[in-house]
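**Student:** Listed here are the chains, written in short residue letters.
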Amino acid sequence: AQSVTQLGSHVSVSEGALVLLRCNYSSSVPPYLFWYVQYPNQGLQLLLKYTTGATLVKGINGFEAEFKKSETSFHLTKPSAHMSDAAEYFCAVIKGGSEKLVFGKGTKLTVNP
Amino acid sequence: DTAVSQTPKYLVTQMGNDKSIKCEQNLGHDTMYWYKQDSKKFLKIMFSYNNKELIINETVPNRFSPKSPDKAHLNLHINSLELGDSAVYFCASSQGYKGPNEQFFGPGTRLTVL
Chain A
3 AQSVTQLGSH VSVSEGALVL LRCNYSSSVP PYLFWYVQYP NQGLQLLLKY
53 TTGATLVKGI NGFEAEFKKS ETSFHLTKPS AHMSDAAEYF CAVIKGGSEK
103 LVFGKGTKLT VNP
Chain B
3 DTAVSQTPKY LVTQMGNDKS IKCEQNLGHD TMYWYKQDSK KFLKIMFSYN
53 NKELIINETV PNRFSPKSPD KAHLNLHINS LELGDSAVYF CASSQGYKGP
103 NEQFFGPGTR LTVL
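Residue numbers (my numbering), protein chains in the order written: chain A, 3 to 115; chain B, 3 to 116.
With the rest of the complex left out, here is chain A (with noise of 0.2 Å):
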């Protein structure tokens, strides 16, 4: 089975600092990797995804992640923090050929002025 794991459920930075969201999923296949973000009282929206090919992904909002395969990692990452960042952010995995995007736990980021 499959799994993602989000190290962190609580994140906080400053404004202007660099964000950093964990992500490590269990696959035997490497998977399809997703980034969603949720800003309060909205639903998901996607940030980015990994497919195959080149590892480091471009999102919107000026996030990014880096697949690894012999980490078996996927973490966010955005150099410089904005305000409006401050949201929960979901990683979320499909095994190749699987209908089933399972999400991780969630981590919630917070943005101190």
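Don't take every hint at face value.
Sample of chain B residues facing chain A (criterion: CB under 10 Å; computed from the structure) [said to hold, decoys possible]:
| # | residue |
| --- | --- |
| 1 | T33 |
| 2 | L45 |
| 3 | I57 |
| 4 | Q105 |
Distance condition first, Cα-Cα at most 25 Å in a straight line; then the derived DSS-like pairs of lysine-lysine [stated by the list, open to error]:
| # | chain 1 | residue 1 | chain 2 | residue 2 |
| --- | --- | --- | --- | --- |
| 5 | A | K107 | B | K38 |
| 6 | B | K100 | A | K60 |
| 7 | A | K102 | B | K54 |
| 8 | A | K71 | B | K69 |
| 9 | B | K42 | A | K110 |
| 10 | A | K51 | B | K38 |
| 11 | A | K51 | A | K102 |
| 12 | A | K102 | B | K73 |
| 13 | A | K107 | B | K42 |
| 14 | B | K43 | A | K51 |
| 15 | A | K51 | B | K46 |
| 16 | B | K46 | A | K102 |
| 17 | A | K102 | B | K42 |
| 18 | A | K102 | B | K69 |
| 19 | A | K97 | B | K46 |
| 20 | B | K100 | B | K38 |
| 21 | A | K102 | B | K38 |
| 22 | B | K38 | A | K110 |
| 23 | B | K100 | A | K102 |
| 24 | A | K110 | B | K46 |
| 25 | B | K43 | A | K97 |
In case anyone wonders, no lab produced these hints; they're calculated from the structure. Beta carbons: idealized from backbone N, C-alpha and C, even for Gly.
Let chain A serve as the given structure and place chain B on it in line with the hints.
**Tutor:** Just chain B, lined up with the frame of chain A:
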């Protein structure tokens, strides 16, 4: 021009009642989903339909019954509501259901069972 819409946004009801949540997508997608997000924000898939055919049916009490009258709609009916059903329910849609297809989420329906 909302892509995935759900009604109602909030639903407060008593235990034992029956309620429905409606979902519509105008993206032309062929696959729709229902997810449940609990109080700890954990998201789990409940059901998925592709071209009106059920393709995912997770371990969900049979009090929950999805219905897809057409590709653009997926409704969720819940019988004999229990306290534990309180959650936010999200509808989503995608084009195709295998592989890295982006799922587009609705705004959610917050169900509170008293």
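**Student:** Please list, smallest to largest, the hint numbers that this structure does not respect.
**Tutor:** 8
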